[in-house]
Each structure stands twice: as C-alpha cells, then as structure tokens.
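Residue numbers (numbering that gives the first Met the number 0), protein chains in the order written: chain A, 0 to 283; chain B, 0 to 257; chain C, 0 to 601.
Think of the hints as simulated: they come from the structure by calculation, not from any bench.
Here are the simulated EDC-like pairs of lysine to aspartate or glutamate, each with C-alpha atoms no more than 16 Å apart in a straight line:
#1 A:K18 with A:E260
#2 C:K220 with A:D11
#3 C:K220 with A:E1
#4 B:K226 with C:D499
Because the structure is a prediction, the values reported are computed rather than measured.
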Amino acid sequence: MEIPYTVKPRPDTGLYNAKIGIWLFLASEVMLFGALFSAYILLRVGAPDGFWPDVPTAWPHGLLNVPLGTFNTAVLITSSMTVMMAWTALKENNFAKFRKFMTVTLLCAVLFLCIKGYEYNDKFTHYVIRLKDGSALTGHLEINGSSPRFWTEDTLAAKKLESVEVLQDIPTVLRYPSGFKHEEVAHEPGEHHIKREIKTADIQSLRPFVPATGTFFAVYFTMTFLHALHIIGGVLVMGYMTFVGGGMWKTEPERYTNRIESVGLFWHFVDLVWIFLFPVMYLL
Amino acid sequence: MDFFKYNILRLPEVASAHGDRIDDLIVYVHLLMAALFVGWLAFFVFALLKHRRASNPKADYVGARSHFSTYAEVGVAAIEGLLLLGFAVPLWAKAVEKFPEEKDALVIQVIGQQFAWNAHYAGPDGKWGHQDIKFASTTNPFGLDAADPATKDDVTTLSNEPFLLPVNKEVICKISSMDVIHSFKLPVMRVTQDAIPGMSIPVHFKPTKIGDYTITCAQLCGNGHSKMRGNFKVVDQAAFDKWFADKAKSGAAGASFE
Amino acid sequence: MQTATTHAPAHGHDHAHAHEHHEPGFFSKYIFSTDHKVIGIQYGITSLLFLFFGFSLMMAMRWQLAYPGKAIPVVGELLRKVLGDEMASGGVMSADLYNSFGAMHGTIMVFLAIVPLAFGAFGNYVTPLQVGAPDMAFPRLNMASYHMYFWGGVIMLASFFTPGGAAKSGWTSYSPLATLADTSNVINGQTMWLLGMVMLITSSLLGSVNLITTIIQLRVKGLTWMRLPFFTWAQFVTSFLLLLAFPPLEAAGLMQLADNLLKSSFFMPTGLVTSGGIVPVSGGGNPLLWQHLFWFLAHPEVYVLILPAMGIVSEVIANNTRKPLWGYKSMVYASMGLGFVSFIVWAHHMYLTGMGTTISTFFQTTTMIISIPSVIILTSLFISLWGGSIRFNTPMLFALAFLPMFGIGGLTGLPLGFNASDIYLHDSYYVIGHFHYVVAPGTIFALFAGVYFWYPKITGRFMSEILGKIHFFGSFVCMNLIFFPMFIQGLRGMSRRMYDGGSTYFGNGVDPGVLKLNEGILHAALALAFFQLFFIINFFWSLYGGKKAESSNPWNATTLDWATPTPVPHGNFETAPTVYRGPYEYSVPGAARDFIPQDQKD
Ligand code: HEA
Ligand code: HEA
Ligand code: CUA
Ligand SMILES: [Cu+2]
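Please put together the full structure from these sequences, using the hints given.
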C-alpha cells in the first residue's frame with residue numbers, strides 16, 4: 000500500500016495531508032508566539048512606573064526606529080502578496096512567472112533581514128549611561144569616528160579612556176538625585192542628537208541596548224530574533240524549492256504546487272506575526 | 000473527628016485557629032475518597048470473580064444494563080461540588096484572604112534566604128525602619144538603613160534564630176525572599192506561603208497553643224534546602240513582651256550601627 | 000512526500016532510482032528508517048532504557064533517603080569515579096548530586112521514558128495499523144522526530160558530565176533558582192537541560208502533527224470516527240495536548256536560556272541578593288511567569304502520560320473480557336473533555352504563590368471538573384468487566400491492576416485540588432505519592448500491559464506467561480509498598496526533595512516513625528528492581544524462545560492492527576482494508592465466533 004492523499008485531497012476532509020500538517024504546525028506556532036506575547040504583557044504590566052532610563056526596569060518605549068519598522072512591515076506585506084501571486088502563477092501553469100514572483104518574495108525577505116540587522120546593530124551601539132551624580136542618559140558612543148558595540152564601563156576602564164564622546168538622544172529624560180526631570184536640551188528642530196563629552200570618571204555604568212539591559216530589550220530581541228529565524232527558515236525552503244528543487248514541477252506539478260501552497264501558508268503566518276510584533280514593539 | 004485526624008490520617012497536632020477547619024476538610028475529602036474507593040473496589044472484585052472465564056464462559060454482548068453508574072458519577076460530582084462550595088472556597092477566603100486589621104495584629108516581615116529564615120518586627124515604636132535594597136546583604140537581609148532613627152528599636156531575628164509570637168493573637172507575616180523561591184510552611188499552623196523574591200505576600204493566622212515549632216522550607220531552593228529549618232516559639236503575652244523589650248534594646252541585628 | 004514505501008520489496012518493478020533495487024542496508028533499515036514500525040520500535044527500546052535509567056537514579060536517591068550520609072554500597076564508589084569527588088566523595092551522595100538526580104529522574108521519566116514509550120512507541124507502531132494506514136502521513140518527519148528525541152536524550156545524559164553537574168533545580172526548573180543554582184559555569188547543567196528540552200519539544204511537535212494527520216487523513220474506508228478504537232482516540236487527544244501545550248514551554252525555555260546565557264531578566268525580579276552580593280542583573284522580571292508557562296505545559300502533560308495508558312488498557316480489557324467496551328461513546332467524549340479542560344487547570348500547582356480567592360476558586364473548580372471525565376472513563380472500564388468472560392493473562396493482569404492504582408492516584412488528587420487542603424499538603428510526600436500512583440503503578444503498568452499484548456504482533460512470539468506473572472505480582476506488591484507509605488509520610492508533614500530524607504525537620508525526636516518508613520521503601524524499591532529482571536529476561540528470551548503465535552491474530556482481536564500479517568510487512572496491508580463495524584464486536588449474539596474483525600464483511 001502507498002500513502003494516500005499526498006497530492007489529491009481526501010474527499011471528506013477536502014484537504015491533502017501536507018495542508019493539514021501545515022495548519023497543525025501553525026497552530027502550535029500560534030501557541031509559541033502566544034506565550035511570548037503573554038510574557039510581554041505580563042512583564043510590561045509588572046514593570047514599575049518611572050521613566051526609562053532612569054529606572055532600570057521601567058518600560059522604555061519609543062526607542063525603536065518607527066519609519067524603518069513601518070517600511071519593513073510594508074516589505075513583508077509585499078512579500079506575502081508576491082508569494083500568493085507566485086502560487087497563482089503555478090496554478091495557471093506559468094512557471095516563469097512563478098519564478099519571477101518567487102524571486103521578488105525572496106528579495107523582500109532578504110531586504111527585511113538586512114533592515115532588521117541594521118536595526119540590531121543600531122541597538123548594539125546605543126547605550127544607557129548612568130552617571131555618578133545620579134543622572135542618566137542614552138546615546139551612541141563615538142570613538143575615533145566609529146560607534147563601538149557592546150561596551151560596558153569595564154571596557155572603558157580596560158581601554159584607559161579618559162573621556163568619551165557621546166551623541167546624546169533628544170529629547171531625553173534625566174534623573175537627578177532629587178527626582179525625575181524631563182530635560183529638553185536646546186537643539187535645532189529636526190536634530191536628533193547632540194554631541195557631548197563625558198569623563199570616564201563620572202560614569203557609573205555603561206550598558207548597550209541588549210537583553211541584559213532590561214526586560215523590554217530582552218523581549219524585543221527574543222521575539223524579533225525568533226521571528227527572524229522563521230524568516231531565514233522560509234528563505235531557505237523557498238529558495239531551495241524555487242531554484243534547486245524546481246525540477247519537480249516537470250515530474251509532479253500538482254505536488255509541487257501543493258508544496259508552494261504550504262510554504263506560502265507558513266509565509267503568511269510569519270508575516271502575521273510581524274504585523275502583531277510591529278505595533279506591540281514599536282508603537283505602543 | 001479527632002479519631003480520623005490523629006489516629007487514621009495521623010496529622011500532626013494543630014496549633015492555629017483556622018487549622019482545625021483545614022483538617023476537617025482533609026478528613027471529609029478522605030472520607031469521600033475512601034467511600035468511593037471501597038465501593039468501586041467491591042464492585043471490581045465482585046465483577047472479576049463473577050465474570051471470570053471459568054464461571055462465565057460466554058460473554059454477554061451488552062453487559063451491564065443499569066444506569067447506576069450515571070447516578071454514581073453524578074453523585075461524585077455533586078459531593079465534589081459540595082465540598083468545593085461548602086468548605087474549600089469559604090475556608091480559603093477566610094484563611095488566605097480575610098485579613099485582620101493591621102493595628103489589631105502583630106505584623107512581621109519574614110524573608111527567606113539560602114538557607115535561613117529571618118524575621119523583622121517594627122519594634123516598640125510601631126514604626127518600621129527605612130529599608131532599601133542598596134543596604135541589603137546576606138547579613139542585613141531586610142536592607143535596614145541604620146541612619147533612620149526608626150530602625151533603632153526594630154527587632155530582627157536572623158539565620159534561623161527562633162522568633163516569638165504571642166499566643167491567641169492574630170499574626171500577619173509578610174513573606175518574601177531575597178534570592179530564590181522558598182516556601183514558608185508552618186505545619187502545625189497549617190500555613191504555607193511561597194516566599195517569592197520581588198514580592199511580599201502576607202499570610203495571617205492565630206496561634207492557639209504554646210510551644211516550640213519549626214518552619215519547613217517547602218520549595219526546592221538549592222543544595223541546603225533540606226537544612227533550611229527555621230524555628231519559632233509561641234509564648235504567653237508576658238514572655239513575649241519581655242523578649243520583645245530585650246530584643247528592642249539590643250537593636251536590629253544586621254543594620255550596622257556605627 | 001517521497002516515501003520509503005514506494006520500494007516495497009514485494010513489487011520488484013523498475014524504478015527510476017537505481018538504489019531502490021537493493022534491499023535497504025543496515026543504516027536505512029534500522030537507523031534511518033522511515034517505516035513507522037521500525038521507528039516505533041526504536042522509540043520503544045530507547046525509552047525502556049531511559050525508564051530503567053530513571054529508575055536507577057531513583058534507587059541511588061532512595062538509599063540516601065533511607066540512610067542519609069552513608070556511602071552507597073558499590074554504586075557510591077562508581078559514582079565517585081564517574082562524577083568526581085565533589086559529587087560523591089567517599090561514595091556518599093552530595094546534596095547537589097541528590098538534587099541533580101531528582102531533577103533528572105523527573106525529567107527523564109516524563110519526557111524521555113513515559114511520553115516516548117506511550118506516544119512515540121505505541122502511538123507510532125499501533126495507531127497507523129489501527130486506522131488501516133500503510134505508514135504515518137509524513138514518514139520522514141517521523142524519522143526526524145525520533146532523531147530529535149534521541150539527540151535530546153543524549154544532551155540530557157551528557158549534562159551529567161558538564162562542570163557543576165546536571166540540572167539540579169527540579170524537573171520544574173523554577174527560576175530564579177534554575178539560573179542562580181550554578182553561576183560558576185557558563186555552560187552548565189541547566190543550559191544543557193534547556194537545550195535538551197527544546198529538542199524534545201520539537202520532537203513531540205513533529206510527532207503530534209504526524210499522528211493527527213495520519214488519523215484524520217489515512218483512516219480507511221468505513222472507519223468513521225465512532226468506529227475508531229479507543230486507543231486511537233486516546234492518541235488523537237494526546238497529540239493535540241502535545242501540539243498545543245508544548246510550545247509555551249518552548250517559549251519559556253528560550254527565555255530561561257536567555258536568562259542563563261545573555262543575563263537577561265525575564266524571570267529575575269529586581270533586588271536579588273545572594274552571598275555574592277546584589278545579583279548583577281537588570282531585574283524587572285517575574286518568577287511566576289516561568290511557573291505559569293511551565294504548568295501550562297506540565298498539566299496537560301500529565302494527561303499525555305495517562306491518556307495513552309487508558310487507551311492501552313481499554314484495548315486489553317475489551318479483548319480479554321470478550322465483549323464491547325461499555326460506554327464507548329461516553330469514553331470518547333470524556334477524553335475530549337479531559338483534553339479541553341486540561342488547559343485551564345494549570346494553576347492548581349501554584350495555589351500557594353499568593354493567589355486571591357477568585358482566581359484560586361476558578362482553578363479549583365476546573366480541577367474538580369476535570370476529575371469527572373477521568374471518573375467516567377474509569378467507571379466505563381470497570382463496568383465493561385460486567386458480563387464478560389474474563390481471561391487473566393499477563394497483559395490483562397497489568398491492565399486490571401491499572402484501574403485501582405489509577406483510582407488511588409486520582410482520588411488523592413482531590414485533596415490536592417481543593418486549595419484549602421492543599422495549603423497543608425502542598426509539596427509534601429503526599430504529592431509524590433499522588434502522582435506516582437498515577438504514573439508508576441498506573442501508566443507503567445498499562446505500558447507493560449501493552450508490551451505483553453502487542454509483543455506477538457511485533458515478533459510473532461508470545462512472552463512467557465510464567466515469567467510475566469512473576470513480574471506482575473512482584474511489581475504490584477512492591478509498587479504499593481513503595482508508594483503507599485508516602486501518603487503516611489506526607490500527611491505527617493514530610494516534605495519532598497529532602498536530601499536528608501527529612502531528618503533535619505523530624506530529627507529532634509519529633510517523629511522518627513515516618514522516617515523509619517524510608518528504609519522500608521528502599522527495600523521495596525530494590526525488590527521492585529529485582530522483579531524487573533523477570534521482565535528483561537522475558538523480553539529478550541521470548542524473541543527466540545517464546546511460544547510461537549499460530550496466527551497473525553493470536554488474541555482473536557477485532558481491530559485492524561490484528562488484520563495485518565505477522566510480522567507486519569513494509570506498507571502494512573496488501574490492499575487497503577474496508578471497515579464494516581465498530582471496534583469491539585466481541586461475542587455478538589448469533590455470530591459464529593466470539594469476535595468479528597472490523598474489516599470482516601457480514
Ligand atoms: C498522569 C499523571 C497525573 C494525573 C492523571 C493526575 C490527575 C490529577 N491530579 Fe495530579 N499531579 C501529577 C500527575 C497527575 N495528576 C504530577 C506529576 C504532579 C506533581 C508535579 C510536581 O509538583 O512535581 C501532580 C500534582 C497535582 C497537584 C498539585 C499538588 C501540589 O503541588 O500541591 C494537584 C492539585 O490540584 C493535582 C490534582 C490532580 C487531580 C484533581 C487529578 C484528577 O484528574 C484525578 C481524577 C481521577 C479520579 C478522581 C480517580 C477516579 C478513579 C476511579 C474511578 C477508579 C477507581 C477504581 C477502582 C477502585 C477499581 N495533581
Ligand atoms: C512519569 C513519571 C515518573 C515515573 C514513572 C516515576 C517512577 C518512580 N519514581 Fe519518580 N518522580 C517523577 C516522575 C516519575 N517517577 C517526578 C516528575 C518527580 C519529581 C521530581 C522533582 O522533584 O523535581 C519524581 C520524584 C520522585 C521521588 C521524590 C524525590 C524527592 O522529592 O526527593 C521519589 C522518591 O521515592 C520517586 C520514586 C520513584 C520510583 C521508586 C519510581 C518507580 O516506579 C520506577 C519504576 C521503574 C521501573 C520499574 C523500571 C522498569 C523498566 C524496565 C523493566 C526496563 C526494561 C528494559 C528493557 C527491556 C530494555 N520519584
Ligand atoms: Cu528554602 Cu527550600
Ligand atoms: Cu496538574
């Protein structure tokens with residue numbers, strides 16, 4: 000006996016095997032991301048009041064690059080559409096068109112990853128600096144014209160730097176021993192940073208924007224990284240199917256189309272996760 | 000009732016006001032369990048004997064025809080419902096939620112640490128000394144600020160040193176932990192509360208019997224878990240007052256006074 | 000998906016690929032097989048070995064409990080040699096080693112022994128046969144699932160040898176302890192535990208996707224839902240539990256991994272102070288978050304442990320009473336109910352974390368509700384005995400013993416389920432007694448029943464009845480001698496996870512009585528091990544020396560798993576069978592024989 004319904008749908012369920020499989024898989028993925036979103040909510044609700052970065056545990060909003068995030072969202076939505084169109088092209092028996100759309104999809108996915116990588120890098124070079132007078136600020140370090148990643152106060156000590164140049168974020172919130180103070184530093188409209196020199200001796204602590212720095216970053220990196228892994232997985236599978244495994248189109252077109260459909264479902268799901276992630280991380 | 004509690008189930012003595020109610024519930028549930036188990040087992044053994052192959056060579060396609068089992072199942076559900084609504088829920092509400100006024104009770108902070116219990120009383124002035132995490136260390140688990148005058152008369156017992164409670168007075172313990180999760184379990188008081196770092200969770204009870212008792216740590220907390228035995232004594236009011244006054248004079252241990 | 004079934008040796012016809020002319024070699028036949036039967040057996044053997052290993056860990060621990068601080072004879076020396084002086088100096092278990100063994104016993108028993116045996120082995124081998132399928136729907140995923148499991152197991156075993164030893168924070172791995180327990184090593188036992196868990200979870204996910212699809216899609220003609228054997232139903236519900244309950248633990252595992260490796264603070268609150276001073280983390284996390292995510296998995300998980308067991312027991316009972324299961328439909332609905340409700344009871348493990356009345360009332364109510372479907376299933380099973388013509392062979396003995404043993408375990412869940420009585424019983428040996436009654440004399444017995452029952456299908460030979468009965472009666476007595484005293488200890492207030500067996504708490508002459516029981520338990524555990532020898536010998540000896548099964552349906556059973564030739568060939572059935580009736584048509588009035596197979600036309 001051979002395994003039935005690998006290609007043709009089973010009459011009473013109306014589905015072929017892989018389609019049920021992918022739906023079940025997605026159900027478990029919903030639980031996976033659902034758990035992470037729940038963790039987000041719980042941690043956020045539990046975060047003490049106070050302005051970040053002054054209170055190390057409070058929830059820092061507004062640190063992510065909204066325009067870039069928005070653009071990335073658009074990129075992913077486009078890819079979701081093109082994967083649909085690729086599948087339709089297959090249904091129309093037009094392999095060349097399929098390949099074109101698939102290529103666009105893959106390019107979008109890669110673009111998404113590049114932008115994400117850029118954003119990550121930006122976070123790794125971004126610091127919260129607490130000073131010994133009790134105040135705190137955020138900004139990028141600038142050392143000899145470049146922005147180093149992952150430094151801490153220990154790095155400064157090891158490098159024996161007297162002082163560092165900081166591109167301080169505007170607007171910024173500072174805490175002084177007497178309490179919170181929202182300090183609007185004088186700046187030109189449209190300017191995002193002001194340059195400032197800080198003595199190493201004044202620095203209490205220096206922390207890059209990484210998971211260890213606060214629960215927001217922990218959630219942000221965990222969730223977006225897991226999402227990015229899904230994207231990478233999708234890229235590998237789709238790339239393989241389109242360019243290496245495309246021969247199946249000639250031998251078993253129906254099965255090939257089904258596979259593309261399944262992978263397309265997965266891709267829509269990955270997209271959907273991002274559509275939740277984006278507002279939750281960037282906007283709220 | 001006592002027969003079931005202490006001779007059959009062999010529960011340890013109980014020394015708190017609500018503890019007896021908890022034991023009642025335990026006994027009722029066990030009676031239900033015993034009744035069900037014996038009933039089921041009797042049926043089971045009877046069925047096995049009666050319908051073994053030797054005495055019943057040909058099986059009956061339909062088998063049991065009565066609806067007794069449905070009634071039995073509904074009965075089980077009903078009794079469970081009764082125990083739930085009649086005992087467990089109100090008891091929990093009373094034992095865990097309904098707190099006495101703080102002014103009518105003795106309030107203490109209890110902090111677990113690897114592997115000891117520490118207690119902290121506000122002292123005769125009734126004011127808690129200022130506490131901050133930045134002062135906290137294993138020797139100053141409550142993070143007491145020595146500079147605050149209110150700290151001076153606070154009473155602390157550290158590292159499993161027994162703390163005292165007056166008999167027949169409501170006690171509120173605010174349970175916390177400074178490192179990992181422990182569990183503040185007073186078996187004779189029928190009180191258990193996990194000690195969770197980052198949280199301070201109150202429990203209350205009213206000791207009714209004078210004696211020396213132990214605190215069990217009921218949550219795995221590391222390699223000293225089995226040794227994390229705390230002690231407390233329930234004494235009469237006079238003895239408590241004397242102890243309290245002496246302790247207050249010697250000052251809160253842990254906070255370093257220069 | 001391209002499958003191995005396409006080269007069934009019976010059809011020698013030409014294929015495009017040259018290698019398919021050959022008999023599959025050793026590797027593709029036994030290691031990288033995609034045949035559900037081979038994979039089932041792989042799962043079976045591996046998980047039995049883990050079962051034995053988990054038991055061995057526990058025996059070392061039971062020695063320590065009975066004679067705290069005394070060197071373990073022979074084994075102690077071995078432990079010292081293998082694990083080093085700080086773990087077992089002079090052959091005495093250290094507290095850390097005790098905790099490691101405890102955590103690993105729980106983990107191994109649950110995730111590496113019982114689930115793979117009940118779901119991986121029996122589910123894989125029997126379910127496709129019972130639905131009349133040639134294989135699982137996705138044979139290659141099936142293989143991947145086994146390999147994930149295998150490597151997850153290897154990681155878990157390797158963790159014993161990581162610096163600092165294996166995970167030692169209980170199978171529950173509560174944070175912050177799990178993160179703080181071993182900070183001197185970056186890659187420590189807990190990290191390995193988490194990596195292993197991620198593999199095991201992935202394995203279960205693949206398995207459950209596969210099994211659900213198989214049951215939905217590959218059921219043969221005529222096999223409607225209400226004609227499925229109860230075993231298959233149980234596996235079906237189990238798969239859903241695995242599919243939906245495991246991912247939250249995977250998420251939690253990733254977060255704890257981040258806490259351990261990247262020093263994030265998902266589960267680390269602000270202001271932790273240890274002997275090393277203030278713990279250098281950002282704080283702001285929530286230790287209870289871990290518990291919620293863990294128990295959201297772990298409660299459904301316990302039904303993953305019990306449902307397949309109930310399935311096996313049902314098959315064996317129907318077969319050996321020679322009559323249909325009584326109340327089959329209500330059993331099916333009850334198992335579905337069990338599945339649903341099991342997702343909303345998790346916090347009954349957390350009553351004492353500072354829960355208010357409303358929430359705890361909700362969870363204790365659902366906990367009481369979930370006991371009803373269990374009662375329905377069990378009641379149906381023993382009413383099924385009524386009117387039967389009961390045969391007491393070894394599989395039946397184990398299946399029958401399951402009923403009261405599960406009864407004791409289940410009933411003792413009730414006082415734990417009422418939050419007020421749980422105040423006293425929480426984390427005492429009463430809890431240990433409760434769940435071991437369900438999983439050890441409960442599930443393990445059911446699994447033994449399954450092994451004895453399907454053995455002739457798999458090998459073509461019966462296991463020895465005499466050895467089997469010795470195994471049964473010995474195990475039955477010993478299991479009770481091990482676990483019943485735990486209720487007595489628990490009611491007396493003895494806590495679990497005590498390295499010294501509770502002597503610090505009870506030692507001051509308070510109650511030497513219940514501590515004495517620890518010695519008795521040790522002896523019973525040793526005796527239990529002794530009786531397992533009969534099983535092991537039987538298991539291997541019968542492969543060659545067991546009585547031959549004359550037909551491919553030696554128990555005169557009705558379900559499709561018995562409608563295949565023995566040994567079951569590649570592809571299972573010559574042609575797809577058609578099903579004409581319900582699963583348990585035994586002793587049908589007027590029929591020529593006392594059973595009518597499902598695929599027999601009138
Ligand atoms: C397979 C495993 C399994 C099963 C089926 C169950 C079933 C149940 N469990 Fe259990 N439980 C565990 C495994 C299991 N449990 C484990 C592993 C733990 C501890 C985890 C840890 O902390 O490490 C635990 C802990 C645990 C707790 C937490 C205790 C604590 O930590 O304080 C609670 C509390 O509510 C609970 C309740 C229940 C209830 C109400 C049921 C109900 O579903 C039971 C319903 C069953 C019945 C009511 C019996 C009906 C019986 C019959 C009809 C047969 C009679 C037959 C004859 C006599 C012939 N369990
Ligand atoms: C499915 C789960 C499961 C199973 C089956 C068991 C089985 C057993 N368990 Fe375990 N146990 C747990 C899950 C399980 N346990 C968990 C989750 C904990 C909590 C851990 C924690 O605190 O974090 C625990 C804790 C625990 C404790 C408490 C430790 C403590 O708190 O300090 C004890 C104490 O006695 C114990 C004992 C036993 C014993 C004697 C068995 C026996 O029943 C074992 C019986 C085994 C056999 C009889 C083996 C048979 C195998 C063969 C015959 C192999 C044949 C092989 C071939 C043919 C190849 N267990
Ligand atoms: Cu503290 Cu266990
Ligand atoms: Cu549970």
